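So you can see what is in the structure, the chains are spelled out below.
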Amino acid sequence: MVMPRPLTVALSAACVGVIALLIVLLLRKDALPLPVRPDEPDAVPAPALSESKPADKKPALRPPAAAVPPAEAQARKEPDARKPAEEESLLSQLHELAGSNPTVSLKIAREAVNRFPDSPDAPEFEWNVVKALFNLGRLEDAEAEARIMLARYPGSYFTGDVVHHLLNHPPNPSDVP
Amino acid sequence: MGGETGAGGAAGSPGTGGSSGTTCGVSPVSPNATQQAKNLLCYLYSIKGNHVLSGQQEANWNANPTDIAWYTNNGLKFPGILGSDFLYRSSSSCTSVTTSTTRAIAYWNAGGITMFRYHMGLPGPGLTCANDCFSGANCAEPTTHPSAAFFTSVITPGTPENTSLNAKLDYVAVQINAMKAANVPVVLAIFHETQPNGWFWWAENSTGPQFANLWKYTFNYLTNTKGLTNIVWLLPFSGSPNAAYYPGKAYVDIGGPDEYSQPTNLLTFTASGNYNPAANVFGTTMPIALHETGSALQPNSIFPGAGTPWIMWNVWATYENTVISGFTFNTLASMQAAYASQYTVTRDQIPSLK
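Protein chains in written order, with my numbering: chain C, 1 to 177; chain U, 178 to 531.
Do not rely on the hints blindly, as some may be mistaken.
[Claimed, not checked] Simulated coverage check for chain U against chain C, where a stretch passes if three residues somewhere in it have a Cβ under 8 Å from a Cβ of chain C:
#, segment
1, 257-271
2, 303-315
3, 318-325
4, 364-378
5, 427-439
6, 495-508
[Unchecked claim] To give an idea of the interface, some chain U residues facing chain C are shown, with a C-beta separation under 8 Å as derived from the structure:
#, residue
7, E381
8, N390
9, Y394
10, G416
Think of the hints as simulated: they come from the structure by calculation, not from any bench. What you are looking at is a predicted structure, and each value in this text was computed from that prediction instead of being measured. From the three backbone atoms N, C-alpha and C, an ideal C-beta is built for every residue, glycine too.
Just chain C, with the same shape it has in the complex (with noise of 0.2 Å):
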């Protein structure tokens, strides 16, 4: 059978066009936002801000990715490009606290280990709710915490440092015989 030719042209274009709008999503997709699952902890919104951000306030424990060559990067579990996004935020937000407001910070940084456990980020997440329970004054539990932390990232630079901080770290004067 012979369809007519208006018939033609216009499923044709009818064609082109689903073809174009799905390379345009397909393309689009590592930039599209990532669903929250409905039963996953509300987002923690992001603290406020000053316009002008202090330069010191940036990234507490990250080289910049451009300089760490390729192999010691990978020991330290650089970011993935295409993480999530929200999973960056959260990070960033991190960076951004510092130690300005450990309670803000306790919050995102366990949201952000609840959420990524196996994320290359996720002893550095670890690592937030640690010294965020220590700035809270909160020993014995940013203690119990290290031990988590490194019954879960052996070997991490992060899980490193809060064993070198917390569970070994040189006596009091007071306590030297």
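Starting from the known structure of chain C, arrange chain U on it as the hints suggest.
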């Protein structure tokens, strides 16, 4: 100058691995630096790119630290650098020379290099070096956290916080002056492991400019007020050097990061990921030191080529031979490999810097 021959080679070949001359074109930032401080800094510049100094922090909370003895007991040479800490005093007095200082002087006289850090307690009303502690209220890792205003008051003359800081620096000056009297230069790594949200009070919630001002104040107090000219100033960052905390090259001779991850291979460890971030802050000319590390570097994996031309490593106290919370930072085999490298400088191979 250095070169590949000898620096880590046969024992008793002093003068290799660099130069002790004072014509290197670089002078310490301390005004009127002593000849020994000049010699030391020139030497550190001379080994950059061709050799690396071995180092070991001693557990000077013990009356008789055994860290250095571990090396010789295991057939290794003495580390080039003896790392120490002003936190631990051998008397209740803040005006007595400590046994740590005495050991540092002896190490220099035996051909080594001395390096000190200071777990200074949080300055506060009435607090002196006698109140210093590592962890707890008013300690280096304080449970009482300084406010933003603290960082202004601590460097403002006449405030209780400033009086306290000065008292602690006076104690430091006693120690460094004892070294100066003995013609001993000291690498001073004060305010160590600095980073935003750091563990110690000087960086816990200070801004970069606040930390830089604290550093400048300390520099001026020790050099100008106390007249100490035998210091080589090392700015000791944590694993992520941050340019906002850098007070500038007028106040820093050398700089560097720390490193406490567990290497995947102890026999090829180079801490390569830590080098460039430090060089991004300090520049490509200034010597970069791994001022604290869990694991010893493996110079055979660094040189020749020297993409990461560290000038020293300093293994933390007790980490040379102890498994720390499951972290095996070093083994006897890895230490033997590090110390057997022709690019490693041990104490006997440091040229005369006197």
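Verification of the supplied hints:
no. : hint    : in the structure
1   : 257-271 : holds (count 4)
2   : 303-315 : holds (count 5)
3   : 318-325 : holds (count 3)
4   : 364-378 : holds (count 5)
5   : 427-439 : holds (count 4)
6   : 495-508 : holds (count 4)
7   : E381    : 5 Å, holds
8   : N390    : 12 Å, violated
9   : Y394    : 17 Å, violated
10  : G416    : 6 Å, holds
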